[in-house]
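Protein chains: 2
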Amino acid sequence: MSELGRSHYCNEITEDMIGQEVRLKGWARTRRDLGQVIFIDLRDRSGIVQIVFNPEINEEALSIANDVRNEFVLDVIGKVVRRDEETINDKITTGKVEVQVEDITVLNKSKPTPFSMEESANVSEDVRLSNRFLDLRRPKMQEIFWLRHRITQEVRNFLNERSFMEAETPMLTKSTPEGARDYLVPSRVHEHEFYALPQSPQLFKQLFMVAGFERYYQIVRCFRDEDLRADRQPEFTQIDIEASFMDSDELFSMTEEMMARLLKMSHNLDISTPFPRMTYHEAMHRYGSDKPDTRFGMELVELSDIVVNSNFQVFTKALENNGIVKGLNAKGQGDAMSRKEIDDLADFAAIYGAKGLAWLKVDEERTLKGPIAKFLDDEEHENVIQAMDGESGDLLLFAADVQEVVFDVLGALRLKFGKELGLIEEEAFHFLWVTDFPLVEYDKDSGRHVSLHHPFTRPVAEDVEKLESEPEDVTAHAYDLVLNGYELGGGSQRIHEPELQMQMFRTLGFNEQEAKEQFGFLMDALSYGAPPHGGIALGMDRIVMLLAGVDNLREVIAFPKTASAGDLLTGAPSPVSQEQWKELHLSPRQQSGR
Amino acid sequence: MSELGRSHYCNEITEDMIGQEVRLKGWARTRRDLGQVIFIDLRDRSGIVQIVFNPEINEEALSIANDVRNEFVLDVIGKVVRRDEETINDKITTGKVEVQVEDITVLNKSKPTPFSMEESANVSEDVRLSNRFLDLRRPKMQEIFWLRHRITQEVRNFLNERSFMEAETPMLTKSTPEGARDYLVPSRVHEHEFYALPQSPQLFKQLFMVAGFERYYQIVRCFRDEDLRADRQPEFTQIDIEASFMDSDELFSMTEEMMARLLKMSHNLDISTPFPRMTYHEAMHRYGSDKPDTRFGMELVELSDIVVNSNFQVFTKALENNGIVKGLNAKGQGDAMSRKEIDDLADFAAIYGAKGLAWLKVDEERTLKGPIAKFLDDEEHENVIQAMDGESGDLLLFAADVQEVVFDVLGALRLKFGKELGLIEEEAFHFLWVTDFPLVEYDKDSGRHVSLHHPFTRPVAEDVEKLESEPEDVTAHAYDLVLNGYELGGGSQRIHEPELQMQMFRTLGFNEQEAKEQFGFLMDALSYGAPPHGGIALGMDRIVMLLAGVDNLREVIAFPKTASAGDLLTGAPSPVSQEQWKELHLSPRQQSGR
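Quick mapping for you: the protein sequence lines, in order, are chains Z and F.
In case it helps, our numbering puts the first sequence at residues -7 to 586.
In case it helps, our numbering puts the second sequence at residues -7 to 586.
Wrong hints could be hidden among the right ones.
It does not matter which identical chain is meant; a pair holds if it fits inside one copy or across any two.
Below, a list of computed lysine-lysine pairs in the DSSO-like style, where the Cα atoms sit at most 27 angstroms apart [to be verified]:
#1 Lys347 / Lys332
#2 Lys101 / Lys458
#3 Lys323 / Lys411
#4 Lys332 / Lys256
#5 Lys103 / Lys283
#6 Lys309 / Lys71
#7 Lys366 / Lys347
#8 Lys458 / Lys332
#9 Lys323 / Lys408
#10 Lys103 / Lys366
#11 Lys71 / Lys361
#12 Lys508 / Lys574
#13 Lys332 / Lys408
#14 Lys83 / Lys347
#15 Lys436 / Lys283
Read the hints as simulated data drawn from the structure, not as lab findings.
Hey, can you work out the whole structure from these sequences and the hints?
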């Protein structure tokens, strides 16, 4: 046959075309041999159409079809005909017709595939990733990547409409001591020096603002050399946005509109805006998390005042040590769970730092039963039941410790119960802004204050004077966008005055010289008419994951890394030649030292 | 003033708005103090409008304006008024009006800038790059990056309309021995192993084809650790395209349409398609280059047959050693150039490998004069003049050597004369496809054959049998797109059969085990129904450079690297901490060895 291209995609073959000659190219999905006649489902990226080989049409084509196996690549010419009534398949758009093949070329063969192209059942992720070129051929995966494509275009269209400029920033950048661990790239030209792959284009987008670009965006790859979890990858894609002369309210409403457009596109869903807002303080106290899943209640209950005078030392000691006592009501679980199951909860809580897990059941008489019941007096019993809305059959769980531990433990228990008890409305999309983050926190390991977001985040005006004296009490102009318990991204208004930026570096323990060495170019930039500016960065992979309804980032990244940051397909990372080590002026470090 | 946003951009202030109150935010461009009244040109990214401070309106605002200097960031509220007739400025769209300021806030100050924001005259590139945040603020630079933005969107729209899927590929990939030098990224988790930053997503886009994506594109960052020139950067952006079931003709015509759309957009120019095509062989012989600038003629002339029996040993020795003799006619330069200038051409030619540069002048009697005239007999004189179209006053230059040297020397001389003699039509856009590249060439250093494009390039069908016996005679299904002497990009049809791919690796000197170690996953992929496929990659930076009419890639990259791959702004690359060396299991290599 000639080199000419296909005339149609498979799913374009309809009843209107009966009698027409078509040329199709695609993959053999299944072959059925019915005596003299062979049927093949031909699949291309559009869908499926049945092709049929009949000895009366072309004996040679039939004989070629006889050797075709699943996933062979075929080029066929034939005539569209109506299917016999009894073979009509209403499940596919081409189900009323088939193509009677007049000529066939096998463009390529296929070995039997290690798993079926039709479903993912019973295939381990390792096998899928090692054969990603086949895994991605499955229609379900193609749907995910088409969704990703559409989301990507929609985001760009949205921002283009608002006159944002898409601009590129470098990947070979400078390593800075703040934040997560950098991936480093040794320099051949500059001996024993390194580039860093960007954790985000933060400084460059701020420089764009200094340059007067005013509105910038980029859908950009970022890198973090951190230990991985299901919702982390060493390289990830970020919708990176920065704007001058735009306050947080404007940025919030723009971001909300963008998310609404995406949900309209992917789910034909009208989500209501504006999104609710909650301060960091409130989120931690009510949900034990700065990215609460607000699709269900089961909030944490403050009990410190109620139990402050109790005889239960676990409670009172915690309070004496500046801690808090909070509780969680697992509705109905007092009846439902065995003693063993309740004890197992303590092991779960221990993962999050709990030294134990106190609990009480509410019995039929609405009184509290359990190991610690005896330490509380009647009034305390009543107050606890009231505060926690306790009803017969409920299981009340308590955490008493420093704030952070109480939040972590009860926050994790809340999510566990939410999932296991089916409290979560799976189809819902609950967006939430978490605002008013602290600017810095004290890091015990380094004995210094470190930024919660990054050192360029703006403190709120009324707290600036506390930067030196009480830095932990300073609130930042920072915000996170949360969806269904996932942090979609975050941002802030930035510091645009060189003096305030220097003050911030001092708060973080830099002396003037260190600050200049690391960030001299930024302070320079701020001193030449930097406009007020701020922005946000949203995780593209997470957005796709949540809109695709899958629960793992590896499902929405074409060639993802495993938990040990390896690529099962190509074998990266890998050893390199002596010559390459030499050109980079590097030696392997020996265990015994440098 | 309140936190509310601007009401208009500067260039939106027109006569229609006279009497209206507006709020503007932007940069003070110039301040003129006319006695009691102060005029400031306010600039934002849209353009400029004049604002005026009058003591009768607001004394305090006037006093603030008095302290404003160039590049201060201002927030002003005022009323649009008509300018006095004599102050109308027809050069700007807002030239008939001005804004009478009622209230002003200085949002940020600026030190005096190291160079003016208005023009680039007399600013060294080092100063510009060290202060890139100011350099980019200049309207001319903003225009370039808006053009880049529009090109980027137009390319995506074009490909989206043709149902290409935009898909992302990894940046942390596997180092392979083929091609240019990789940038490497040491792994913390996998001791003494490295990732490589991609030189292109070549293998991944082929895997997308195996996965049945059929049409893929990505505007993607790529990396090469090579020594830099004006038209090379260590990181560059590529329009990466791959398609299944699409032959070269279809790909050519699609690419032509895309380039035509870009020129229509940027220059409102209708370029004619299809673009001319020329084989590699023809391009080398006619222009001494595989990326000829076809905006001017001055082609190389083949003289081997004419001088084969001459008495000039430089010619005859070259021909005996399998070389060639070619000439170049520098019209009118025999008269125009001094003996010294002609001798200097030999030094120039030496850069490109010439051992000398023979030359002759055509004098008024149409006879040849010059040092080598005596070695040629009358017939040879006449034949040379005829072949080279020699006229009185011309300078004829000759190169005799192995083919490669002759091409390089005369190709370089041709370009030099083309520029210096003003032969090049600067405003023209001459596209050209160069086709039929050799598949491999012999590399003396390694004693092996190496790919001209890459090892996945398809040989033409009729040459496959020569892969083992005469690999240098095999033509590849490969093509480059050339514009005005710049290689915009290139591509090929790929090998889709595992056996042919293995054959190709053998031709390149791999044994079976080496091929499997490096490219096992590719051969695996090809054995599961890989479709025929091919693609192209176009240099985005070069396209923007040529459409913006600038002559350096650094003008179209926001934060470019210098010739030594450094970033003058941030100081990357830079030393990193002992802790970072340790985590990556690396030591600095000592001069004395490993």
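The hints, checked one at a time:
1. Lys347 / Lys332: within (18 angstroms within a copy, 91 angstroms between copies)
2. Lys101 / Lys458: between (71 angstroms within a copy, 24 angstroms between copies)
3. Lys323 / Lys411: within (13 angstroms within a copy, 84 angstroms between copies)
4. Lys332 / Lys256: neither (46 angstroms within a copy, 74 angstroms between copies)
5. Lys103 / Lys283: neither (47 angstroms within a copy, 42 angstroms between copies)
6. Lys309 / Lys71: Result: close neither inside a copy nor across copies, 84 angstroms intra and 66 angstroms inter.
7. Lys366 / Lys347: within (20 angstroms within a copy, 103 angstroms between copies)
8. Lys458 / Lys332: Neither: 50 angstroms inside a copy, 75 angstroms across copies.
9. Lys323 / Lys408: within (13 angstroms within a copy, 85 angstroms between copies)
10. Lys103 / Lys366: neither (71 angstroms within a copy, 71 angstroms between copies)
11. Lys71 / Lys361: Cα proximity of Lys71 and Lys361: none, with 78 angstroms in one copy and 74 angstroms across.
12. Lys508 / Lys574: For Lys508 and Lys574, only the inter-copy Cα distance (26 angstroms) is at most 27 angstroms; the intra-copy one is 33 angstroms.
13. Lys332 / Lys408: within (17 angstroms within a copy, 87 angstroms between copies)
14. Lys83 / Lys347: Neither: 57 angstroms inside a chain and 75 angstroms across chains, both beyond 27 angstroms.
15. Lys436 / Lys283: within (24 angstroms within a copy, 61 angstroms between copies)
Hints 4, 5, 6, 8, 10, 11, 14 from the earlier list are contradicted by this structure; the remaining hints agree with it.
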